[in-house]
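> Sequence:
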Amino acid sequence: MAYLLLLPTLVLLALVVGFPLVLSAWQSLTQSGGDIDPETGIIKQGDTFVGLDNYVEAFTGSGAGAGFWNAFWNTTLFTVVGVSIETVLGVSMALIMARAMRSTGIVRASILVPWAIPTVVSALMWQLIFDANGIFNRVIHYQVLWTTEGWQAKAAVLIADIWKTAPYIGLLTLAGLQTIDDQVYEAAKMDGADRWDTFWRITLPLVRPVLVVAVLFRLLDAMRMFDLPYVLLGRLESGQTLSMLASDAAGKTNYGLASAYSMILFAYICLVAFVFIRVLGADVIGEQNKPARRGGRRRGDGNDGADDGSGGSRRTARRLRTTAEGSMA
1 MAYLLLLPTL VLLALVVGFP LVLSAWQSLT QSGGDIDPET GIIKQGDTFV
51 GLDNYVEAFT GSGAGAGFWN AFWNTTLFTV VGVSIETVLG VSMALIMARA
101 MRSTGIVRAS ILVPWAIPTV VSALMWQLIF DANGIFNRVI HYQVLWTTEG
151 WQAKAAVLIA DIWKTAPYIG LLTLAGLQTI DDQVYEAAKM DGADRWDTFW
201 RITLPLVRPV LVVAVLFRLL DAMRMFDLPY VLLGRLESGQ TLSMLASDAA
251 GKTNYGLASA YSMILFAYIC LVAFVFIRVL GADVIGEQNK PARRGGRRRG
301 DGNDGADDGS GGSRRTARRL RTTAEGSMA
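Heads up, the sequence shown is in full-length UniProt numbering, so the first residue is 1 and it goes up one at a time.
I should point out that these hints are in silico values taken from the structure, not numbers from a laboratory.
Please note that a few of the clues may not be correct.
[Unchecked claim] Only pairs whose alpha carbons sit at most 20 Å apart, straight line, appear in this in silico SDA-like list of lysine to any residue:
no. : residue 1 : residue 2
1   : 154       : 144
2   : 252       : 25
3   : 252       : 267
Go ahead and model the full structure; you've got the sequences and the hints to work with.
Next comes the structure, spelled out in C-alpha coordinates:
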(Lines of atoms letter the chains of each structure in order from A; the text may use other names.)
(Lines give C-alpha, C1' and ligand atoms only; values in the text may rest on other atoms or scores of the structure.)
Protein backbone atom coordinates (compact mmCIF):
# COMPACT_ATOMS: atom_id res chain seq x y z
CA MET A 1 0.00 0.00 0.00
CA ALA A 2 2.84 2.37 0.83
CA TYR A 3 4.50 1.86 -2.57
CA LEU A 4 1.13 2.20 -4.29
CA LEU A 5 0.47 5.54 -2.60
CA LEU A 6 3.97 6.78 -3.46
CA LEU A 7 3.73 5.66 -7.08
CA PRO A 8 2.27 8.95 -8.47
CA THR A 9 5.03 10.96 -6.80
CA LEU A 10 7.72 8.56 -8.04
CA VAL A 11 6.36 8.72 -11.59
CA LEU A 12 6.29 12.53 -11.47
CA LEU A 13 9.88 12.68 -10.17
CA ALA A 14 10.99 10.23 -12.87
CA LEU A 15 9.48 12.45 -15.57
CA VAL A 16 10.51 15.83 -14.17
CA VAL A 17 13.93 14.94 -12.71
CA GLY A 18 15.04 11.51 -13.89
CA PHE A 19 14.34 11.83 -17.61
CA PRO A 20 16.09 15.22 -18.09
CA LEU A 21 19.06 13.98 -16.05
CA VAL A 22 19.47 10.82 -18.14
CA LEU A 23 18.98 12.81 -21.34
CA SER A 24 21.63 15.35 -20.32
CA ALA A 25 24.06 12.57 -19.41
CA TRP A 26 23.57 10.96 -22.82
CA GLN A 27 23.77 14.28 -24.67
CA SER A 28 27.08 15.07 -22.94
CA LEU A 29 28.53 12.07 -24.80
CA THR A 30 27.50 13.37 -28.21
CA GLN A 31 28.25 16.24 -30.54
CA SER A 32 25.44 18.14 -32.22
CA GLY A 33 26.10 18.03 -35.96
CA GLY A 34 28.94 20.00 -37.46
CA ASP A 35 30.86 17.01 -38.88
CA ILE A 36 31.48 17.02 -42.62
CA ASP A 37 30.96 13.80 -44.54
CA PRO A 38 34.31 13.13 -46.30
CA GLU A 39 32.57 11.47 -49.24
CA THR A 40 29.89 14.06 -50.01
CA GLY A 41 31.29 17.16 -48.27
CA ILE A 42 27.88 17.80 -46.70
CA ILE A 43 27.50 18.68 -43.02
CA LYS A 44 25.96 15.78 -41.15
CA GLN A 45 22.65 16.25 -39.39
CA GLY A 46 21.81 14.93 -35.91
CA ASP A 47 24.09 13.97 -33.04
CA THR A 48 27.35 12.08 -33.26
CA PHE A 49 28.55 9.90 -30.41
CA VAL A 50 31.96 11.15 -29.23
CA GLY A 51 32.29 9.40 -25.87
CA LEU A 52 34.13 11.41 -23.24
CA ASP A 53 35.56 13.93 -25.69
CA ASN A 54 33.43 16.76 -24.31
CA TYR A 55 34.66 16.11 -20.77
CA VAL A 56 38.26 15.88 -21.96
CA GLU A 57 37.84 19.14 -23.86
CA ALA A 58 36.45 20.82 -20.73
CA PHE A 59 39.09 19.57 -18.27
CA THR A 60 42.03 20.17 -20.62
CA GLY A 61 40.81 23.65 -21.54
CA SER A 62 41.21 23.01 -25.27
CA GLY A 63 38.98 24.20 -28.07
CA ALA A 64 35.54 25.37 -27.02
CA GLY A 65 36.22 24.34 -23.40
CA ALA A 66 38.93 26.96 -22.87
CA GLY A 67 36.99 28.87 -20.22
CA PHE A 68 36.07 25.91 -18.00
CA TRP A 69 38.67 26.33 -15.26
CA ASN A 70 38.10 30.07 -15.05
CA ALA A 71 34.37 29.47 -14.56
CA PHE A 72 35.04 26.62 -12.12
CA TRP A 73 37.27 28.71 -9.86
CA ASN A 74 34.91 31.67 -10.08
CA THR A 75 32.03 29.44 -8.99
CA THR A 76 34.11 28.06 -6.11
CA LEU A 77 35.23 31.55 -5.06
CA PHE A 78 31.73 32.99 -5.05
CA THR A 79 30.45 29.97 -3.13
CA VAL A 80 33.14 29.67 -0.44
CA VAL A 81 33.82 33.35 0.24
CA GLY A 82 30.24 34.51 -0.22
CA VAL A 83 28.58 31.84 1.93
CA SER A 84 31.23 32.18 4.67
CA ILE A 85 30.60 35.92 5.03
CA GLU A 86 26.85 35.42 4.71
CA THR A 87 26.93 32.89 7.55
CA VAL A 88 28.75 35.27 9.90
CA LEU A 89 26.44 38.16 9.02
CA GLY A 90 23.34 35.98 9.15
CA VAL A 91 24.13 34.64 12.61
CA SER A 92 24.86 38.18 13.81
CA MET A 93 21.51 39.37 12.43
CA ALA A 94 19.72 36.48 14.13
CA LEU A 95 21.34 37.22 17.49
CA ILE A 96 20.32 40.88 17.22
CA MET A 97 16.75 40.07 16.20
CA ALA A 98 16.40 37.43 18.92
CA ARG A 99 16.96 40.00 21.68
CA ALA A 100 13.95 41.70 23.20
CA MET A 101 14.01 45.21 21.76
CA ARG A 102 11.65 47.89 20.54
CA SER A 103 10.45 47.81 16.95
CA THR A 104 11.50 44.17 16.56
CA GLY A 105 8.94 43.64 13.78
CA ILE A 106 10.25 46.61 11.80
CA VAL A 107 13.83 45.33 12.11
CA ARG A 108 12.87 41.85 10.91
CA ALA A 109 10.87 43.22 8.00
CA SER A 110 13.70 45.54 6.92
CA ILE A 111 16.21 42.69 7.00
CA LEU A 112 13.86 40.58 4.88
CA VAL A 113 13.60 43.21 2.12
CA PRO A 114 16.90 42.33 0.30
CA TRP A 115 15.92 38.66 0.16
CA ALA A 116 12.45 39.51 -1.17
CA ILE A 117 13.77 41.61 -4.07
CA PRO A 118 14.06 39.58 -7.32
CA THR A 119 17.67 38.81 -8.23
CA VAL A 120 17.49 40.55 -11.61
CA VAL A 121 16.14 43.73 -10.01
CA SER A 122 18.83 43.53 -7.33
CA ALA A 123 21.55 43.11 -9.97
CA LEU A 124 20.31 46.13 -11.93
CA MET A 125 20.26 48.20 -8.74
CA TRP A 126 23.84 47.23 -7.89
CA GLN A 127 24.87 47.91 -11.49
CA LEU A 128 23.81 51.52 -10.97
CA ILE A 129 25.53 51.62 -7.57
CA PHE A 130 28.79 50.27 -9.04
CA ASP A 131 28.74 52.63 -11.99
CA ALA A 132 31.91 54.68 -12.48
CA ASN A 133 29.99 57.75 -11.34
CA GLY A 134 27.78 55.80 -8.95
CA ILE A 135 27.24 56.21 -5.24
CA PHE A 136 29.69 53.49 -4.22
CA ASN A 137 32.69 55.35 -5.64
CA ARG A 138 31.44 58.56 -4.05
CA VAL A 139 31.25 56.88 -0.65
CA ILE A 140 34.77 55.43 -0.81
CA HIS A 141 36.12 58.60 -2.52
CA TYR A 142 38.01 56.51 -5.03
CA GLN A 143 37.42 55.80 -8.72
CA VAL A 144 37.01 52.05 -9.33
CA LEU A 145 35.64 50.50 -12.53
CA TRP A 146 33.65 47.76 -10.81
CA THR A 147 32.04 46.27 -13.91
CA THR A 148 35.25 45.73 -15.91
CA GLU A 149 37.65 42.79 -15.99
CA GLY A 150 39.64 42.26 -12.81
CA TRP A 151 39.36 41.55 -9.10
CA GLN A 152 36.91 44.42 -8.65
CA ALA A 153 34.33 42.58 -10.77
CA LYS A 154 34.53 39.54 -8.50
CA ALA A 155 34.23 41.80 -5.46
CA ALA A 156 31.14 43.46 -6.97
CA VAL A 157 29.43 40.08 -7.42
CA LEU A 158 30.29 39.05 -3.86
CA ILE A 159 29.03 42.31 -2.34
CA ALA A 160 25.74 42.16 -4.24
CA ASP A 161 25.23 38.47 -3.45
CA ILE A 162 26.03 38.87 0.26
CA TRP A 163 23.68 41.84 0.58
CA LYS A 164 20.83 39.84 -0.94
CA THR A 165 21.23 36.41 0.68
CA ALA A 166 22.66 37.02 4.17
CA PRO A 167 19.09 37.64 5.48
CA TYR A 168 18.16 34.12 4.34
CA ILE A 169 20.61 32.52 6.75
CA GLY A 170 19.70 35.09 9.38
CA LEU A 171 16.00 34.26 9.30
CA LEU A 172 16.55 30.49 9.41
CA THR A 173 19.00 30.90 12.29
CA LEU A 174 16.50 33.10 14.10
CA ALA A 175 13.93 30.32 13.82
CA GLY A 176 16.42 27.97 15.45
CA LEU A 177 17.23 30.44 18.22
CA GLN A 178 13.57 30.82 19.12
CA THR A 179 13.33 27.10 19.91
CA ILE A 180 15.97 27.29 22.66
CA ASP A 181 14.49 27.26 26.16
CA ASP A 182 15.28 30.36 28.24
CA GLN A 183 15.94 28.11 31.23
CA VAL A 184 19.17 26.98 29.57
CA TYR A 185 20.51 30.53 29.55
CA GLU A 186 19.30 31.13 33.09
CA ALA A 187 21.14 28.04 34.29
CA ALA A 188 24.30 29.12 32.48
CA LYS A 189 24.08 32.61 33.97
CA MET A 190 23.72 31.17 37.49
CA ASP A 191 26.74 28.98 36.79
CA GLY A 192 28.84 32.06 36.03
CA ALA A 193 29.08 31.73 32.24
CA ASP A 194 29.75 34.97 30.37
CA ARG A 195 28.25 35.87 26.98
CA TRP A 196 31.16 34.44 25.00
CA ASP A 197 30.98 31.07 26.77
CA THR A 198 27.19 31.07 26.47
CA PHE A 199 27.41 31.60 22.71
CA TRP A 200 30.04 28.91 22.05
CA ARG A 201 28.83 26.30 24.54
CA ILE A 202 25.04 26.76 24.39
CA THR A 203 23.73 28.90 21.55
CA LEU A 204 25.93 27.59 18.73
CA PRO A 205 25.59 23.85 19.59
CA LEU A 206 21.81 24.14 19.98
CA VAL A 207 21.31 26.07 16.75
CA ARG A 208 23.87 24.02 14.79
CA PRO A 209 21.37 21.60 13.15
CA VAL A 210 19.35 24.48 11.70
CA LEU A 211 22.44 26.47 10.76
CA VAL A 212 24.11 23.56 8.95
CA VAL A 213 21.00 22.93 6.85
CA ALA A 214 20.68 26.65 6.05
CA VAL A 215 24.32 26.84 4.97
CA LEU A 216 23.90 23.68 2.87
CA PHE A 217 20.91 25.10 1.00
CA ARG A 218 22.73 28.38 0.49
CA LEU A 219 25.84 26.58 -0.82
CA LEU A 220 23.81 24.63 -3.37
CA ASP A 221 22.11 27.84 -4.49
CA ALA A 222 25.40 29.74 -4.79
CA MET A 223 26.98 26.99 -6.89
CA ARG A 224 24.18 27.43 -9.45
CA MET A 225 24.62 31.21 -9.59
CA PHE A 226 23.71 32.64 -12.98
CA ASP A 227 21.38 35.65 -13.04
CA LEU A 228 23.26 37.95 -10.65
CA PRO A 229 26.69 37.98 -12.40
CA TYR A 230 25.04 37.76 -15.83
CA VAL A 231 22.99 40.93 -15.32
CA LEU A 232 25.60 42.76 -13.24
CA LEU A 233 28.69 42.08 -15.39
CA GLY A 234 27.39 40.66 -18.64
CA ARG A 235 29.77 38.12 -20.17
CA LEU A 236 32.96 39.21 -18.43
CA GLU A 237 35.35 36.35 -17.70
CA SER A 238 35.89 37.70 -14.18
CA GLY A 239 32.27 36.90 -13.30
CA GLN A 240 31.65 33.84 -15.46
CA THR A 241 30.28 30.80 -13.61
CA LEU A 242 29.69 27.21 -14.69
CA SER A 243 25.99 27.90 -15.25
CA MET A 244 26.84 30.84 -17.50
CA LEU A 245 29.40 28.73 -19.37
CA ALA A 246 26.82 26.02 -20.03
CA SER A 247 24.34 28.65 -21.21
CA ASP A 248 26.90 30.18 -23.59
CA ALA A 249 27.75 26.76 -25.04
CA ALA A 250 24.06 25.97 -25.56
CA GLY A 251 23.59 29.37 -27.22
CA LYS A 252 26.26 28.34 -29.74
CA THR A 253 24.31 25.09 -30.41
CA ASN A 254 27.13 23.09 -28.81
CA TYR A 255 24.67 21.08 -26.77
CA GLY A 256 27.05 18.23 -26.08
CA LEU A 257 29.61 20.47 -24.38
CA ALA A 258 26.85 22.40 -22.58
CA SER A 259 25.49 19.12 -21.20
CA ALA A 260 29.00 18.13 -20.11
CA TYR A 261 29.33 21.40 -18.18
CA SER A 262 25.94 20.78 -16.58
CA MET A 263 26.84 17.23 -15.56
CA ILE A 264 30.14 18.40 -14.05
CA LEU A 265 28.29 21.04 -12.06
CA PHE A 266 25.73 18.42 -11.01
CA ALA A 267 28.50 16.11 -9.76
CA TYR A 268 30.15 19.05 -7.95
CA ILE A 269 26.88 19.89 -6.18
CA CYS A 270 26.31 16.23 -5.25
CA LEU A 271 29.79 16.07 -3.73
CA VAL A 272 29.17 19.14 -1.57
CA ALA A 273 25.77 17.80 -0.47
CA PHE A 274 27.33 14.42 0.41
CA VAL A 275 30.01 16.07 2.54
CA PHE A 276 27.46 18.13 4.44
CA ILE A 277 25.06 15.25 5.02
CA ARG A 278 27.55 12.49 5.82
CA VAL A 279 30.50 14.34 7.33
CA LEU A 280 28.93 17.42 8.96
CA GLY A 281 25.65 15.69 9.80
CA ALA A 282 23.19 18.00 8.07
CA ASP A 283 19.70 16.75 9.01
CA VAL A 284 17.86 17.73 5.82
CA ILE A 285 14.89 15.35 6.31
CA GLY A 286 14.45 15.56 10.08
CA GLU A 287 15.88 12.16 10.96
CA GLN A 288 17.07 13.36 14.37
CA ASN A 289 13.52 14.26 15.40
CA LYS A 290 11.96 10.95 14.42
CA PRO A 291 10.89 8.65 17.29
CA ALA A 292 13.01 5.56 17.73
CA ARG A 293 11.64 2.11 16.96
CA ARG A 294 10.31 -0.01 19.78
CA GLY A 295 13.17 -1.26 21.88
CA GLY A 296 15.54 1.34 20.47
CA ARG A 297 16.67 4.81 21.47
CA ARG A 298 16.45 8.23 19.93
CA ARG A 299 19.41 9.36 17.93
CA GLY A 300 21.70 11.42 20.11
CA ASP A 301 20.62 9.69 23.35
CA GLY A 302 22.99 7.52 25.27
CA ASN A 303 25.96 7.87 27.54
CA ASP A 304 28.60 8.70 24.96
CA GLY A 305 28.38 12.43 25.78
CA ALA A 306 28.22 13.51 22.15
CA ASP A 307 26.43 16.78 21.46
CA ASP A 308 24.75 16.03 18.15
CA GLY A 309 21.41 17.59 17.33
CA SER A 310 18.56 17.79 19.79
CA GLY A 311 19.81 14.92 21.99
CA GLY A 312 23.05 16.77 22.79
CA SER A 313 21.06 19.95 23.35
CA ARG A 314 18.85 18.31 26.00
CA ARG A 315 21.84 16.78 27.77
CA THR A 316 23.57 20.16 27.85
CA ALA A 317 20.47 21.77 29.36
CA ARG A 318 20.15 19.03 31.98
CA ARG A 319 23.79 19.33 33.02
CA LEU A 320 23.52 23.11 33.32
CA ARG A 321 20.32 22.91 35.36
CA THR A 322 21.85 20.28 37.64
CA THR A 323 24.93 22.42 38.17
CA ALA A 324 22.78 25.48 38.89
CA GLU A 325 20.64 23.58 41.39
CA GLY A 326 23.79 22.32 43.11
CA SER A 327 25.15 25.85 43.32
CA MET A 328 21.89 27.10 44.85
CA ALA A 329 21.92 24.25 47.39
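> All hints, please: hold or fail.
Verification of the supplied hints:
The hinted pair formed by residue 154 and residue 144 meets the criterion: a straight-line CA distance of about 13 Å does not exceed 20 Å. Pair hint residue 252 plus residue 25 holds up; C-alpha atoms about 19 Å apart against a cutoff of 20 Å. Between residue 252 and residue 267, the direct Cα distance comes to roughly 24 Å. Violation of the 20 Å bound is thereby established for this hinted pair.
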